[in-house]
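From first to last, the protein sequence lines are chains A and B.
Quick note: the first sequence, position 319, residue 319 per our numbering, numbers continuous.
Quick note: the second sequence, position 374, residue 374 per our numbering, numbers continuous.
Hints are not guaranteed to be accurate.
Here are the simulated SDA-like cross-link-like pairs (lysine to any residue), alpha carbons at most 25 Å apart as the crow flies [to be verified]:
hint, chain 1, residue 1, chain 2, residue 2
1, A, K368, A, S211
2, B, K83, B, S276
3, A, K94, B, R385
4, A, K220, B, R385
5, B, K26, B, Y257
6, A, K101, B, S399
7, A, K155, B, N470
8, B, K297, A, Q127
Listed next, with one range per pair, are the computed distances between beta-carbon atoms [said to hold, decoys possible]:
hint, chain 1, residue 1, chain 2, residue 2, range
9, B, D455, A, P188, 25 to 35 Å
10, A, A75, B, K76, 18 to 28 Å
11, B, E374, A, A75, 54 to 64 Å
12, B, E469, A, T370, 45 to 55 Å
13, A, D28, B, E374, 45 to 55 Å
14, A, P288, B, K76, 36 to 46 Å
15, A, G376, B, D271, 53 to 63 Å
16, B, A382, A, G376, 31 to 41 Å
17, A, M235, B, D271, 42 to 52 Å
18, B, L375, A, V379, 33 to 43 Å
19, A, I47, B, L375, 35 to 45 Å
Hints listed in this document are in silico derivations from the structure and should not be mistaken for laboratory results.
Note that the coordinates shown come from a computational prediction; the quantities given were computed from them, not determined experimentally.
For each residue, glycine too, the CB sits at the ideal point set by N, CA and C.
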Amino acid sequence: MRHVSVVVIGGGCAGLACASTLKKNGIDDVVLLEKDDEVGGILNQCIHNGFGLTTFKEQLSGPAFAERFADEARALNVEIKTGAMVVSITEDKKVSYESQKEGYVTLQADAIILTVGCYERNRGAVQIDGMRCAGVFTAGQAQRYINIEGYMVGKRVFILGSGDIGLIMARRMMLEGAEVLGVAEIMPYSNGLARNIKQCLEDFNIPLYLSHTITHIYGKDRVEGIDVCKVDEHMRPIEDEKMHFDVDTVLLSIGLIPENHLADSIQIQMAPKIKGPVVDENFMTSVPGIFAAGNGLHVHDLADYAAKQGNKAAEGCVRYLKQTSQDNAYVNTNAGNDIGYVVPARLHQNQLPKIVEMYFRVKKPIKKGTIVIKCGDEVIRSISKENLVPSEMEIIPVVTDLILEKKQDVTISVEDVVYA
Amino acid sequence: MYDIIIIGAGIVGTMLAKDLSQYRCKVAVIEKENDIANGATMANSAIVHTGYDPEDHTLKAKLNVEGARMYEQLCKDLACKYKQVGAFVVACDKEEEERLLVLEKRAIERNIPYEWLSGEEARSKEKNLSLNITKALNFYTTAIIYPWQVACGCMEVAMDNGVELYLNHEVTAIEKREGSYLISTTKGTFETKYIINASGISADKIHRMVDADCSYTMRPRKGEYYVLDNDIHYVDHIIFPVPSSKGKGVLAVPTVYGNTLLGPDAEESEDTGTSSKGLSYVKENIQKTMMNVPFHKVIRTFAGLRPSSTSKDFIIEEVNGCKGFIDVASIESPGLASAPAISKYVIEQFLKDMMLEKNASAIKTRKKPIVMAELTSEERDAVIRENPLYAKIICRCESISEGEIIDCIHRNCGARSVKGVKKRVRPGMGRCQGGFCEPRVVNILARELGISVLDVVLDSEDSKILTQENRI
Numbered sequence: 001m002r003h004v005s006v007v008v009i010g011g012g013c014a015g016l017a018c019a020s021t022l023k024k025n026g027i028d029d030v031v032l033l034e035k036d037d038e039v040g041g042i043l044n045q046c047i048h049n050g051f052g053l054t055t056f057k058e059q060l061s062g063p064a065f066a067e068r069f070a071d072e073a074r075a076l077n078v079e080i081k082t083g084a085m086v087v088s089i090t091e092d093k094k095v096s097y098e099s100q101k102e103g104y105v106t107l108q109a110d111a112i113i114l115t116v117g118c119y120e121r122n123r124g125a126v127q128i129d130g131m132r133c134a135g136v137f138t139a140g141q142a143q144r145y146i147n148i149e150g151y152m153v154g155k156r157v158f159i160l161g162s163g164d165i166g167l168i169m170a171r172r173m174m175l176e177g178a179e180v181l182g183v184a185e186i187m188p189y190s191n192g193l194a195r196n197i198k199q200c201l202e203d204f205n206i207p208l209y210l211s212h213t214i215t216h217i218y219g220k221d222r223v224e225g226i227d228v229c230k231v232d233e234h235m236r237p238i239e240d241e242k243m244h245f246d247v248d249t250v251l252l253s254i255g256l257i258p259e260n261h262l263a264d265s266i267q268i269q270m271a272p273k274i275k276g277p278v279v280d281e282n283f284m285t286s287v288p289g290i291f292a293a294g295n296g297l298h299v300h301d302l303a304d305y306a307a308k309q310g311n312k313a314a315e316g317c318v319r320y321l322k323q324t325s326q327d328n329a330y331v332n333t334n335a336g337n338d339i340g341y342v343v344p345a346r347l348h349q350n351q352l353p354k355i356v357e358m359y360f361r362v363k364k365p366i367k368k369g370t371i372v373i374k375c376g377d378e379v380i381r382s383i384s385k386e387n388l389v390p391s392e393m394e395i396i397p398v399v400t401d402l403i404l405e406k407k408q409d410v411t412i413s414v415e416d417v418v419y420a
Numbered sequence: 001m002y003d004i005i006i007i008g009a010g011i012v013g014t015m016l017a018k019d020l021s022q023y024r025c026k027v028a029v030i031e032k033e034n035d036i037a038n039g040a041t042m043a044n045s046a047i048v049h050t051g052y053d054p055e056d057h058t059l060k061a062k063l064n065v066e067g068a069r070m071y072e073q074l075c076k077d078l079a080c081k082y083k084q085v086g087a088f089v090v091a092c093d094k095e096e097e098e099r100l101l102v103l104e105k106r107a108i109e110r111n112i113p114y115e116w117l118s119g120e121e122a123r124s125k126e127k128n129l130s131l132n133i134t135k136a137l138n139f140y141t142t143a144i145i146y147p148w149q150v151a152c153g154c155m156e157v158a159m160d161n162g163v164e165l166y167l168n169h170e171v172t173a174i175e176k177r178e179g180s181y182l183i184s185t186t187k188g189t190f191e192t193k194y195i196i197n198a199s200g201i202s203a204d205k206i207h208r209m210v211d212a213d214c215s216y217t218m219r220p221r222k223g224e225y226y227v228l229d230n231d232i233h234y235v236d237h238i239i240f241p242v243p244s245s246k247g248k249g250v251l252a253v254p255t256v257y258g259n260t261l262l263g264p265d266a267e268e269s270e271d272t273g274t275s276s277k278g279l280s281y282v283k284e285n286i287q288k289t290m291m292n293v294p295f296h297k298v299i300r301t302f303a304g305l306r307p308s309s310t311s312k313d314f315i316i317e318e319v320n321g322c323k324g325f326i327d328v329a330s331i332e333s334p335g336l337a338s339a340p341a342i343s344k345y346v347i348e349q350f351l352k353d354m355m356l357e358k359n360a361s362a363i364k365t366r367k368k369p370i371v372m373a374e375l376t377s378e379e380r381d382a383v384i385r386e387n388p389l390y391a392k393i394i395c396r397c398e399s400i401s402e403g404e405i406i407d408c409i410h411r412n413c414g415a416r417s418v419k420g421v422k423k424r425v426r427p428g429m430g431r432c433q434g435g436f437c438e439p440r441v442v443n444i445l446a447r448e449l450g451i452s453v454l455d456v457v458l459d460s461e462d463s464k465i466l467t468q469e470n471r472i
């Protein structure tokens with residue numbers, strides 16, 4: 001069995017960035033496994049602009065953005081295997097994959113990094129009455145049909161959910177000549193980035209129905225129409241406020257979920273709020289030597305951030321590979337008032353980098369408030385913020401001195417809140 | 001001229017097709033849908049009941065007990081999944097415990113194995129069982145299958161032996177002639193000596209085409225289900241509440257691929273749409289027997305129609321005054337478990353005049369397909385070296401390769417729709433529900449069937465997925 005230092009699973013931008021960073025840190029034997037015939041992941045179907053602004057200070061399309069990371073990985077001689085589907089991983093870090101070229105192969109690694117991406121919530125996750133007819137797509141699925149395969153999925157379209165992919169697809173469908181009759185969002189606020197609401201809906205006069213949902217999809221063979229209902233504060237449809245739309249297509253943009261088949265298969269501990277693994281400041285999961293980053297850990301708003309997290313996980317992995325003894329003492333991080341989740345879920349209490357980045361989202365839109373990060377009762381950092389929304393992830397660097405000193409749980413909360 | 005035409009390619013029709021293919025006779029199956037096993041066979045609890053439930057002196061009781069005993073061998077022959085998981089019928093109080101005694105009595109008389117479990121014992125075997133459960137009867141030979149897999153297996157063997165299958169042929173009229181029948185369909189006519197009416201919820205309609213005086217009326221009853229992800233094995237056994245006059249109640253059922261079904265409700269209906277009303281009923285009533293129900297693990301909901309009728313028992317008889325026209329109707333639960341015995345019964349009781357001659361050279365078993373997920377690493381390696389397409393994973397949730405998909409398209413009774421592929425080899429059955437694999441399956445179908453991608457359908461002939469090529 002071949003022995004390698006690190007196997008990175010998943011060749012999207014997080015995996016590519018991660019593999020390159022490992023190389024730059026002197027790890028020689030890095031194998032990146034990608035199940036598709038080319039690297040880039042979902043970015044390959046994201047032909048719209050807007051990627052790379054924070055990383056490269058320029059606007060790139062998804063494929064161009066991915067290509068930057070692929071070029072770097074290739075230049076650094078990362079061993080990239082495409083068409084290589086991982087079928088199993090083990091706690092002692094064996095990775096088995098299959099490829100058309102090599103057959104069934106098992107590698108023994110010192111560390112594994114899971115940058116496996118996410119999948120879309122679909123009709124199974126929401127209750128919409130009606131038959132299982134053709135014409136109901138997840139937004140990403142429609143994106144693949146249109147941008148990769150070159151075929152349109154419908155002519156009169158309604159979109160459920162204001163997630164970014166749905167907004168991007170609203171514009172894309174309009175440009176292809178379809179009519180997009182509206183977007184319904186069950187929450188009283190949008191779940192997409194503000195720039196996408198403006199550029200993809202407002203600029204095309206597509207109405208956004210907040211506090212609305214699709215309650216019924218009509219049609220036996222193909223979608224023929226839908227009922228869209230206003231919902232009350234408990235998100236229950238109000239029957240009297242129902243609209244009917246004659247459409248042949250429904251796109252669902254109702255959220256993304258980290259893909260955790262492999263992590264689950266070896267009982268890696270999961271954090272229910274992110275539906276991804278519990279990780280520490282090194283992005284190491286509950287299984288020593290197995291790391292997770294990118295959308296496979298928690299869903300990011302921007303690919304730029306996912307790639308950056310790939311770098312961070314690589315740095316964490318390098319610290320793990322170089323350490324002489326293993327430290328198992330942790331403090332937890334908690335989501336306090338109005339905070340949806342915090343990543344990483346725990347921090348080492350005896351040894352931490354000088355600064356650790358905390359990733360979190362607020363639970364609901366906040367006009368004004370103070371983000372307070374505490375260790376035990378003591379404030380580590382507090383920052384006044386305006387216009388916090390759940391769709392935009394916050395990343396705040398935290399100096400770790402106090403955590404090392406007090407060895408108490410870290411809590412992030414919003415105080416002095418003025419809601420939007 | 002056909003000897004026998006079977007109307008309807010559900011579990012009963014396909015089972016009969018397979019069994020009749022063992023004889024020297026000309027048989028065809030006519031089906032109105034775009035695939036076989038698309039009605040009740042596609043959407044049910046997928047249980048091979050052992051036969052303790054039907055009332056005494058019914059066809060249901062006789063054929064259920066007999067059919068259930070045939071399944072293990074049948075599934076071996078057809079290379080289909082079959083798993084004896086056992087069924088707990090659970091009681092919550094003294095009154096329900098009394099009702100379990102009725103089931104026990106039937107089990108003894110029908111020679112069905114069972115054991116008593118105390119509430120504690122039941123909970124030790126099934127951790128999410130409600131704390132209200134006081135006693136359970138464990139019918140440990142109760143099995144689970146993939147019903148449509150069995151139907152596809154049957155039809156494939158039947159076709160290997162020369163049985164003809166006509167999909168998208170809806171019967172519009174039947175003319176009774178001297179010694180034969182002329183069946184008109186939406187796509188052509190067929191002349192046949194015998195007709196077996198295995199048309200599920202349409203049985204009374206087909207019956208009336210030859211005999212206006214139909215003694216029964218079909219009253220389809222809808223049942224809705226939740227499907228849970230296969231990453232949590234929520235139950236290991238089938239959990240039934242004590243049956244009532246309304247039926248078997250809301251169940252928790254493990255599936256052969258590790259998912260869990262929760263359902264069904266029961267409501268008279270003609271369509272297979274899911275409804276918040278029906279699913280809420282399931283959600284509420286499952287709590288009677290189960291706790292910690294992980295509704296956040298729901299990956300799909302579905303509804304199916306039970307082919308129930310005004311008759312309480314199966315209707316298997318030659319229609320009065322219509323020699324050679326045999327009704328096999330009202331095959332509601334336990335129809336799936338009974339199907340192998342129903343087929344045998346029909347052939348022995350109603351086709352004996354035909355003096356059917358056994359064909360000793362007929363194929364009896366289905367060629368076992370390669371299922372990558374079930375192979376050892378060495379076997380997988382060997383398969384890939386033989387055909388690299390078995391390394392190209394199309395469905396990542398369920399780990400299904402392109403090789404497996406191509407194989408299921410080119411077999412007899414092969415897949416011709418996205419749902420057809422899903423039924424046979426399961427891409428799209430996982431948590432992403434086809435989000436990733438559907439576009440890839442569409443491309444494979446188009447290539448292998450030699451049709452345009454634009455003509456690939458989800459299910460029925462009219463369920464095209466894509467509308468046109470991009471303009472830019």
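What hints, given by number in increasing order, does this structure fail?
2, 4, 5, 9, 10, 11, 13, 16, 17 and 18
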